[in-house]
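Note that the protein sequences, when read in sequence, are chains H and A. Each step along the first sequence adds one to the number in our numbering, with nothing skipped, and position 197 is 197. Each step along the second sequence adds one to the number in our numbering, with nothing skipped, and position 38 is 1038.
Simulated from the structure, these hints should not be mistaken for lab results. Here the structure is a predicted model, which is why all the values come from computation and not from measurement. One thing to keep in mind: the hints can contain errors.
Unchecked claim - Straight-line C-alpha distance at most 27 Å; calculated DSSO-like pairs for lysine-lysine:
no., chain 1, residue 1, chain 2, residue 2
1, A, Lys1090, H, Lys31
2, A, Lys1008, A, Lys1250
3, A, Lys1250, H, Lys194
4, A, Lys1160, H, Lys5
5, H, Lys194, A, Lys1008
6, A, Lys1160, A, Lys1008
7, H, Lys194, A, Lys1160
8, A, Lys1160, H, Lys165
9, H, Lys165, A, Lys1163
As the list claims (entries may be wrong) - Every beta carbon over 10 Å from chain H, so not counted as near; a handful from chain A, in silico:
no., residue
10, Gly1072
11, Met1153
12, Arg1355
Said to hold, decoys possible - Reference listing, derived: stretches of chain A covered by chain H, where coverage requires no fewer than 3 residues with Cβ under 8 Å from a Cβ of chain H:
no., region
13, 1033 to 1044
14, 1118 to 1125
15, 1138 to 1148
16, 1425 to 1435
All residues carry an ideal CB built from backbone N, CA and C; glycine is no exception.
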Amino acid sequence: MEPFKTLETPAIPLALANVDTDQLIPARFMKRPRAEGYGPFLLHDFRRDAGGGPRDNPLDDPRRTGAAVLIARRNFGCGSSREAAVYALRDFGVRCVVAPSFGDIFASNAVKNGVLPARVSEADAEALLASLAVAEGRAVRVDLAAQTVSAGNLVAPFAIDPVWKTQLLNGWDDVDLTMAEQPSIERFRAQDAKARPWAGLVG
Amino acid sequence: MGRTIIDKLWDAHVVTTRADGTSLIWIDRHLLHEGSFHAFDQVSRRAARVAHPELTFGVADHYVPTRGRSEGIANPEIARMVRQLEDNTKRAGIRLIGLDDPRQGIVHVVAPEQGLTLPGLTIVCGDSHTSTHGAFGAFAFGIGASEVAHVLMTQTLWQKRPKRLRITVEGALGPGISAKDLALTVIARIGADGAQGHAIEYAGSAVRAMSMEGRMTLCNLSIEAGGRLGLIAPDDATFAWLRGRPFAPKGGAFESAVEAWRALRSDDDAEFDREIGFEARDVAPTVTWGVSPEHAAPIDAATPDPAEIADESRAQAVRDALSYMGLEPGTPLNAIRVDRVFIGSCTNGRIEDLRAAAAVLVGRKAVVPGLVSPGSLAVKRQAEEEGLGRIFREAGLEWADSGCSMCVAMNGDAVPPGERCASTTNRNFKGRQGPGSRTHLMSPAMAAAAAVTGRLTDARELLAGRA
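Make a model of the complete structure from these sequences and hints.
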């Protein structure tokens, strides 16, 4: 996985709370193979009207072309465990979501796809959403090592689980780490078969 | 110092812990549905093998038709989703409860019915409502596709020990008040992100008094409060429910398992990171009015007025929700008219749910169209034996086959744009039941009452003199 260091791009202000993963990618698009790219379906029904025509929205604003940062309100990515929500963000070009809180499964899915869930205070989220730099589509800077998001004169610190931070900075892959643990897994299984004989499957 | 049930389950599954505190945990059961194709693709890309097909089960539920099943699936894209699951499980030697299997149903209804769900197990599935299995004292949680791939390849997952939250509910729920009303009350109080980062233990006399079906509804909705998982310590009700299930231990092995399972409870001196208490008598019939499960209120309340909310971002969220739902501030909830009802889902598609809905509907006619999709074909057969299927049909509702159906609208069962649905499901998100759909979440009895009156209704009014 590609390591995450810093970003310097315009940001998309999405002044909404509880942006659930059903909104991030509506279920009807999830039958498609990932290879086709999920970017066009990101927040599809927010960006398009019932007839498929464009709605005025910050994602398709030409001032923000190439934006890799999205700023939102609390509980971003709540709901369904669908990793397709992260695929849609990633394929659209988003590498960092800044919000006061995240759905747990979403945040975990994000890290596994190299997308940084950066947790800021509610006050800083509001300040970023209201910032002139963000409104005008000027570049904001995300620095993972320093754990800051900067927009104009505003520098907002963000929180990230230290394990996830290391993983993102290094682009580490879980499966490789686990394969190295095979002896511990075998040891656990031998011991566990005695401790919990009822846990095995019959039939 | 004592340990909570959450700690006991966690400790029993830790393979190894890294210096950074992340643990590799062993997964006892892995459940798959049609959405698993992304994970199988990842396994193929690595040219890896499924490590433990014998601990993995597939169930077709998200895309399966609930009507006209004998004619096959007309939509080729949907048919491909069901076939992909068959192909992927077959290739890996994974047992599948597929479309044509008499055990078919929603994975979170089927796994307990089959005894795949047991106390003390870690259970994962690429579905956030996996928390349902916690009703049996299992450590069960939803995961994303990359984690599904990781479990397929290794039967383990890297996880952080969750924080522990105990929600204690004392007293007795009033007549006509169900686990759904309690869960919505909890979510409305603590918020849709109130339990983020936490595993929840539900405790107290009201929880102990619940049937297994009620406990599954309560644990199912843990994710809607943001919880990583929700669970209830197993007791005699749990053991009685599981005895004799096809994949549960048999005879003496079951009895010795019960002895071990009795230890799966929080010690008296165990400490939780957070504790929240509720009084069961305060729980009213509850419905949602907005676009998040936290937008829930008692049926005798009214929609909120954003002008009375001081915090601007919260006021804006309420304005946005009311606008999407087509509702004015201050509208009495029991004046809201509905266009249709849906009874089913992993939240409320079990036999007890169907009985509660039928108790309202018997001898009455629905004034709006409605679909009833049992949680499994086993539930459907039992409901028909009890005469419930006939009650739904005579009320004018459609009595269908089992699947996720109109809860997630993946199989073509959808609420048309702009229509308002009284629904026993778990999410009132924008567009969840189909583009432009408007969802009001409630219990099965409340959905049945809405079918009869055509508006959100306190089911107790229709149950008076009946129970």
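Structure-based check of all given hints:
| no. | hint | in the structure |
| --- | --- | --- |
| 1 | A/Lys1090 x H/Lys31 | holds, 20 Å |
| 2 | A/Lys1008 x A/Lys1250 | holds, 24 Å |
| 3 | A/Lys1250 x H/Lys194 | holds, 18 Å |
| 4 | A/Lys1160 x H/Lys5 | holds, 24 Å |
| 5 | H/Lys194 x A/Lys1008 | holds, 17 Å |
| 6 | A/Lys1160 x A/Lys1008 | holds, 15 Å |
| 7 | H/Lys194 x A/Lys1160 | holds, 26 Å |
| 8 | A/Lys1160 x H/Lys165 | holds, 14 Å |
| 9 | H/Lys165 x A/Lys1163 | holds, 20 Å |
| 10 | Gly1072 | holds, 17 Å |
| 11 | Met1153 | violated, 6 Å |
| 12 | Arg1355 | holds, 29 Å |
| 13 | 1033 to 1044 | holds (count 3) |
| 14 | 1118 to 1125 | holds (count 3) |
| 15 | 1138 to 1148 | holds (count 6) |
| 16 | 1425 to 1435 | holds (count 6) |
In terms of the numbered hints stated before, the structure departs from hint 11 and from no other.
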